[in-house]
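**Student:** Please work from the sequences and hints to get the whole structure.
Sequential numbering of the sequence shown, starting at 3, is according to the working numbering.
In short, the hints are calculated from the structure, not lab data.
It is possible that part of the hints are untrue.
Pairs of lysine to aspartate or glutamate residues, derived as DMTMM-like cross-links and limited to a Cα-Cα distance of at most 25 Å, are as follows [claimed, not checked]:
#1 Lys218 / Glu259
#2 Lys264 / Glu97
#3 Lys60 / Glu86
#4 Lys138 / Glu122
#5 Lys138 / Glu111
#6 Lys113 / Asp137
#7 Lys113 / Asp83
#8 Lys218 / Glu194
#9 Lys261 / Glu86
#10 Lys261 / Asp83
#11 Lys138 / Glu181
#12 Lys133 / Asp151
#13 Lys133 / Asp112
#14 Lys261 / Glu208
#15 Lys192 / Glu181
#16 Lys252 / Asp272
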Amino acid sequence: MAKAATKSAKKPAAKTAPKAAVKAAAKSGAKTSAKATAKAAAKATSKVAKPAKKPGIKLSMLRPSVNNMTVRVFTRAAGLDPAETDAWGLTRSPEFLARNPAHLTPMIEDKGLPRGVLWESCAIMQYLANKHGLDKFYPKAPAKRAMIDSAMFYLVGTLYPYVARATYPALGFPQYAGEVGHSDAHPDKKSEAQKAAMAAIAEPLEVFHSFFRNGKPFIGGNNPSIADIRLAATLEFLAVIDYALPSWAKEYMAAMEKKLGKAYAEPAGDVRGYIAHVKSQARA
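**Tutor:** Written out as structure tokens, the structure reads:
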């Protein structure tokens, strides 16, 4: 009887032990499962909560223009990936004029701008270089920056007007008001003015070579600056009048294209394509 009692007393304990183990295991499994579920949920949430990609720069441009080519080259070289819109035939539309009363291209649209838009190629490059810290193209050091600014202002104030007077008649671009090319002067007078402008190009061109480059590969030193991009693009137009560029200028333009690769070649291709079309029309 005592043996039986002992036996029966031990049985419940034996049964309880497996139950407790199963319960503990289940609890542990539930914890692991809960952790895995929580982890998966967190992962899914983080994927959903990922911030949307910010909209890039919007650039309204004209493909045949070297002013537009300037900004197209710069934004590509800087990795800014702009969304380009061809504004050919649209710059005088009410929608365009409402944003840009000067009806000029290139024009960028950016939230950080007081009026939402900005035109003038040099100003656009300066703004974007400042905003994105692109010292490689536009150095922060005051003396170096001053030289880049000086080169660009000298280009738009002196060299480009000569280039425009020499090339716009051949390109079919409208002449500026007050220019001989814009007037009803005799074709001989217009041709004379065009030749005078062509002859005047040599002097400022030499200034870029001897003063701004001063033995360096580029105005910016070993790397092209925004002034270099503006200069190289401007020189592209001279092909339409078969201007005899000095050897240094040819080498300089080739070095620019080599250094910047597709960023330069693609926009330049549009300008060169237009020039080739114009020249073929003139020969026809």
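**Student:** Now look at each hint and say whether the structure bears it out.
**Tutor:** Hint by hint, here is what the structure shows:
1. Lys218 / Glu259: With a Cα-Cα distance of about 16 Å, the restraint between Lys218 and Glu259 holds, given a limit of 25 Å.
2. Lys264 / Glu97: 32 Å, violated
3. Lys60 / Glu86: 6 Å, holds
4. Lys138 / Glu122: 21 Å, holds
5. Lys138 / Glu111: 23 Å, holds
6. Lys113 / Asp137: 22 Å, holds
7. Lys113 / Asp83: Given that 25 Å is the threshold and the Cα spacing comes to 16 Å, the pair holds.
8. Lys218 / Glu194: Between Lys218 and Glu194 the Cα gap is close to 36 Å, so the pair fails against 25 Å, i.e. violated.
9. Lys261 / Glu86: 23 Å, holds
10. Lys261 / Asp83: 18 Å, holds
11. Lys138 / Glu181: 38 Å, violated
12. Lys133 / Asp151: Holds, at roughly 17 Å.
13. Lys133 / Asp112: 11 Å, holds
14. Lys261 / Glu208: Status holds; Cα separation ~22 Å.
15. Lys192 / Glu181: Given that 25 Å is the threshold and the Cα spacing comes to 9 Å, the pair holds.
16. Lys252 / Asp272: Distance ~19 Å between Lys252 and Asp272 Cα, so the pair holds.
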